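S.K.: So you can see what is in the structure, the chains are spelled out below.
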Amino acid sequence: KAGVTQTPRYLIKTRGQQVTLSCSPISGHRSVSWYQQTPGQGLQFLFEYFSETQRNKGNFPGRFSGRQFSNSRSEMNVSTLELGDSALYLCASSSRAGGNTIYFGEGSWLTVV
Amino acid sequence: AQSVTQPDIHITVSEGASLELRCNYSYGATPYLFWYVQSPGQGLQLLLKYFSGDTLVQGIKGFEAEFKRSQSSFNLRKPSVHWSDAAEYFCAVGLDQTGANNLFFGTGTRLTVIP
Numbered sequence: 038k039a040g041v042t043q044t045p046r047y048l049i050k051t052r053g054q055q056v057t058l059s060c061s062p063i064s065g066h067r068s069v070s071w072y073q074q075t076p077g078q079g080l081q082f083l084f085e086y087f088s089e090t091q092r093n094k095g096n097f098p099g100r101f102s103g104r105q106f107s108n109s110r111s112e113m114n115v116s117t118l119e120l121g122d123s124a125l126y127l128c129a130s131s132s133r134a135g136g137n138t139i140y141f142g143e144g145s146w147l148t149v150v
Numbered sequence: 054a055q056s057v058t059q060p061d062i063h064i065t066v067s068e069g070a071s072l073e074l075r076c077n078y079s080y081g082a083t084p085y086l087f088w089y090v091q092s093p094g095q096g097l098q099l100l101l102k103y104f105s106g107d108t109l110v111q112g113i114k115g116f117e118a119e120f121k122r123s124q125s126s127f128n129l130r131k132p133s134v135h136w137s138d139a140a141e142y143f144c145a146v147g148l149d150q151t152g153a154n155n156l157f158f159g160t161g162t163r164l165t166v167i168p
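Residue numbers (the working numbering), protein chains in the order written: chain P, 38 to 150; chain D, 54 to 168.
Keep in mind the hints are simulated off the structure, nothing from the lab. Since we're looking at a predicted model, the values are computed, not measured. Heads up, a few of these hints could be off.
Ranges between beta-carbon positions, derived for each pair [stated by the list, open to error]:
(1) D:S123 - P:G79: 26 to 32 Å
(2) P:R46 - D:P132: 47 to 53 Å
(3) D:P168 - P:T44: 35 to 41 Å
(4) P:N108 - D:L109: 34 to 40 Å
(5) P:N108 - D:H135: 36 to 42 Å
(6) P:G99 - D:D61: 33 to 39 Å
(7) P:G53 - D:S56: 30 to 36 Å
(8) P:R133 - D:H135: 41 to 47 Å
(9) P:T90 - D:H135: 39 to 45 Å
(10) D:Q124 - P:P76: 27 to 33 Å
(11) D:A70 - P:S88: 44 to 50 Å
Keeping only pairs whose Cα atoms sit at most 25 Å apart, straight-line, the calculated SDA-like set for lysine to any residue is [as the list claims (entries may be wrong)]:
(12) P:K94 - P:R104
(13) P:K50 - D:G94
(14) D:K102 - P:T42
(15) D:K102 - D:T160
(16) D:K121 - P:N137
In this text, a Cβ means the ideal position worked out from N, Cα and C, and glycines have one as well.
Please take these sequences and the hints and turn them into a complete structure.
M.R.: Okay, here's the thing in structure tokens:
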């Protein structure tokens, strides 16, 4: 079955703009989590959604938000983009909340100029 | 607080040689442990995981890892490295206190394979 699908794969935005990234989890998976990967900070947890509810949130400013739809697809939004938001954003899915295998997508490369 | 340490930033091995990548974690209870591999420009691929039971776990691509509670370690091993194994390897800890799926990652170990 298809893996975790993220769109778009690459995008360039200007400082101050906002961006929306999309993630389709593995079929049947209800948990979707998001991570940011940068050379300086490594892989950091952003937030997790399960059955349309945000269950956990990492230590990121309020400019970073997300949501999950009834079909488990998820979007994350970053408003008022800063240069430091340039990163690989990874989506991951799991079949249930907690204690289960987590599968990652290929990521969305965001460059802020 | 939970943390994951991968003490080796970069490792170079010859093709056919054995490999061991180190991972130490800090967490009060028994964590869920993962090893992921990332090729340049790609996402993370799961190599193997430990949840409970047998402390020696087998993964894909000939990798294995051993959970040692007394040393808080989960080292990744491969008996004979192939050139295609060159990539970055991440150890991660998953917590299940709240039924959460947030992983804490180490800083990664970049593996170079020389012919």
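S.K.: Are the hints correct? Go through all of them and say.
M.R.: Going through the hints against the structure:
{"no.": "1", "hint": "D:S123 - P:G79: 26 to 32 Å", "in the structure": "27 Å, holds"}
{"no.": "2", "hint": "P:R46 - D:P132: 47 to 53 Å", "in the structure": "35 Å, violated"}
{"no.": "3", "hint": "D:P168 - P:T44: 35 to 41 Å", "in the structure": "38 Å, holds"}
{"no.": "4", "hint": "P:N108 - D:L109: 34 to 40 Å", "in the structure": "39 Å, holds"}
{"no.": "5", "hint": "P:N108 - D:H135: 36 to 42 Å", "in the structure": "39 Å, holds"}
{"no.": "6", "hint": "P:G99 - D:D61: 33 to 39 Å", "in the structure": "36 Å, holds"}
{"no.": "7", "hint": "P:G53 - D:S56: 30 to 36 Å", "in the structure": "35 Å, holds"}
{"no.": "8", "hint": "P:R133 - D:H135: 41 to 47 Å", "in the structure": "34 Å, violated"}
{"no.": "9", "hint": "P:T90 - D:H135: 39 to 45 Å", "in the structure": "43 Å, holds"}
{"no.": "10", "hint": "D:Q124 - P:P76: 27 to 33 Å", "in the structure": "30 Å, holds"}
{"no.": "11", "hint": "D:A70 - P:S88: 44 to 50 Å", "in the structure": "47 Å, holds"}
{"no.": "12", "hint": "P:K94 - P:R104", "in the structure": "12 Å, holds"}
{"no.": "13", "hint": "P:K50 - D:G94", "in the structure": "19 Å, holds"}
{"no.": "14", "hint": "D:K102 - P:T42", "in the structure": "22 Å, holds"}
{"no.": "15", "hint": "D:K102 - D:T160", "in the structure": "18 Å, holds"}
{"no.": "16", "hint": "D:K121 - P:N137", "in the structure": "20 Å, holds"}
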